[in-house]
Structure formats: C-alpha cells, structure tokens
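In this note's numbering, the protein residues as written are 832 to 1151.
Zero decoy hints are in this set.
Once the Cα atoms are required to be at most 27 Å apart in a straight line, the calculated DSS-like pairs of lysine-lysine come out as:
1. K1016 / K906
2. K1131 / K967
3. K967 / K998
4. K1017 / K914
5. K914 / K1016
6. K1044 / K1131
7. K1117 / K957
8. K998 / K906
9. K957 / K967
10. K1016 / K1044
11. K902 / K914
12. K1017 / K906
13. K1017 / K1131
14. K1016 / K1131
15. K1017 / K1044
16. K914 / K998
17. K957 / K998
Restraint-style ranges between C-beta atoms, simulated for each label pair:
18. V1142 / P899: 34 to 44 Å
19. P1046 / H1109: 31 to 41 Å
20. E1024 / K1117: 38 to 48 Å
21. I916 / C1148: 16 to 26 Å
22. N1111 / R1025: 43 to 53 Å
23. K1044 / T1003: 27 to 37 Å
24. N942 / K1117: 27 to 37 Å
25. G1113 / E1030: 38 to 48 Å
26. R952 / E1121: 18 to 28 Å
27. Y1045 / N1002: 37 to 47 Å
28. I951 / L1120: 16 to 26 Å
Think of the hints as simulated: they come from the structure by calculation, not from any bench.
Even for Gly, the Cβ is constructed at its ideal location relative to N, Cα and C.
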Amino acid sequence: MSGLDFCTPKKPSLNILKKIQIPPSPYMKKIGYGTGVAVYELERSPVFDKFRSPWAIKKLITRKRSDPTIKTRLKNEAEVLRKLIHPNIVGFRAFLESKDGNNILAMEECNSSLGDLIEIRGDDNKGPFSSRIIAKVSLDVAHALNYLHNNALIIHCDIKSYNVLIKGDFNTCKLCDFGVCLPIKKNGNLDVERAPGAEYIGTQAWSAPEILKYPQDITTKADIYSYGLIIWEMIALCPPISENIAQKIQNYSGMNQVEFDKILEEISVKTRPPLPEHINLGEDYKAILEVFFCCTEENKGSRPSAADLTVILDEVCNRL
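Work out the full structure, taking the sequences as your base and the hints as a guide.
Shown next as structure tokens:
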C-alpha cells in the first residue's frame, strides 16, 4: 500500500445495505463513546447454524447528526479503515450512509479498551500492570504504528489508551479510531499537498510538545510521543496529566470559559510526566522504562521510529 487517498467512501451496494439490519440505539448495548459519536455492540444472528461474531457499531449521536465536521470525520475514518489490513488494527466491516445523517461505521468488536482496563485496575488499587503485559501491549501497538507510518503512510494523530482495544486476556491489542489521521510522505513528515492546511487534532493530554506549539510540527514522531505516554498510563494507572490539573478538570462543571482556558494553557506546557513516587518497579521493568523515556524525549529527533520499537520490544517480550 503506497498511501491512502482521503476521499468520501463509496456507498455499499443496495444489496449489502439490505442485508445489514441495525436496530435502534436503545436496543443495543452501549460500549463506548467519543467526540460526537457513540459505540454499540451489535449481536448478529447465526446463519445456517454458524456463529457470527458481534460487531462494534459507531454512529453519530442525535444532536451531532447535522454537524458537518463530525459527519466528515466518520466518513474519513471509514474510508481509511476499509483500506487498512493488519492484525493490530481493528477490522472494518461496513459503512452505511443514510439520508437523515445517521451514518454508521461497523467494525470488529473487541472486549474493552486499554483505557477502561487502566481505570478499573486503578480503582481496585492493584498497582501497575505486569512488565509482561506492558511489553505485549507496547509491541502490538508498535506493530500497528509501523504499518501506518511505513505502509499506509498516515499518522494516527490520537494515540491514547482509549484508542487501544484489547481482545481476550491481552491476546491481541488493536489500534482504533482513525477519524483525525493525516497523510504523510515517506520521510515521515506531513504531506501538505494531500492535506493542505491540515491540523493535528488529537487529545491535548497525550499530544507531543511540538504539537502544542504554533506552528505545529507534524511528523510520525508525534505518534511516538503519545505512544510513550500509553506506557506511562499502564504504570501510573491514570491519564498523563498532573494530579492538580486532573482535579481541576473533574470540577469543570463549575468553571467559566476563562478558568477552563487557563487549565488548557497548563496542559500545553508539556514535559514528560514523572513516574509516581509511591511505585517501586522491579528490575523486569527496566527495559520498559527505557522505552518510555526515549519515546517521550522533548526533542523529537531523539525518539525512536515505530520500526525500531518493534525490534526492541520483540526482544523485551522474549526475555520476560
């Protein structure tokens, strides 16, 4: 694959549309949400007594169906995802576009997101994930990024724990949510000809320092920085922001816009988050920590490539 063209996805044939029956939202189990969208589990009936695995259904929430930005983002995600074929990237199943704006993206379903598992583990006070699990997740995500950066020629632009899906007991980890990805050249820099005036949207708490400045310096190394913060999350069991800022965000409902803007400014002063002082990690975490530190270097040129990470982490996994 030499790269992805960002265009409106073609509608499936009418025959395909007739075969896929999506029930109303209240009849499906809600399993996730995002900016302007909700994700549901679609249980599929057996065919000729053969079991069919459930799908994850991403659809626009009612109040966002007329929002052109959110609608375009979902279409772009469908067009990108249908072209990506990799064991560590969530599988595309179908894209349905209706006249009322209730567009639907059907995908492979996984058990849960890494972000959800981090929250649960933190609430249960179980401490960091084992070095073996952290290495496994890190290796799978590195494989996904290597494919994106060197085969598909795109930057994900929103790497975070909630966009890493887990199948089984960490049997396989898959990257999802490609609604804000951007095309790149073979050198890893943004392809401004294919995406003129493009901005790296992402999520601020996971964004690299060069992304939080103007003008943005958009390269594959921004994904690598965010990737490093996923490793931090699996150790600290919380988002990669200070406890002070996290507490302020929790109290967001009582803030005015000026107060909230000040919080965003604090997040924008980006430095590598320190490891929690109360956590004592054994010798088996040493290689994992080295990967975290090199991925979150402020100088993007000092960060490894995704290809480098696959080699490093393959060796780490074999030792653990």
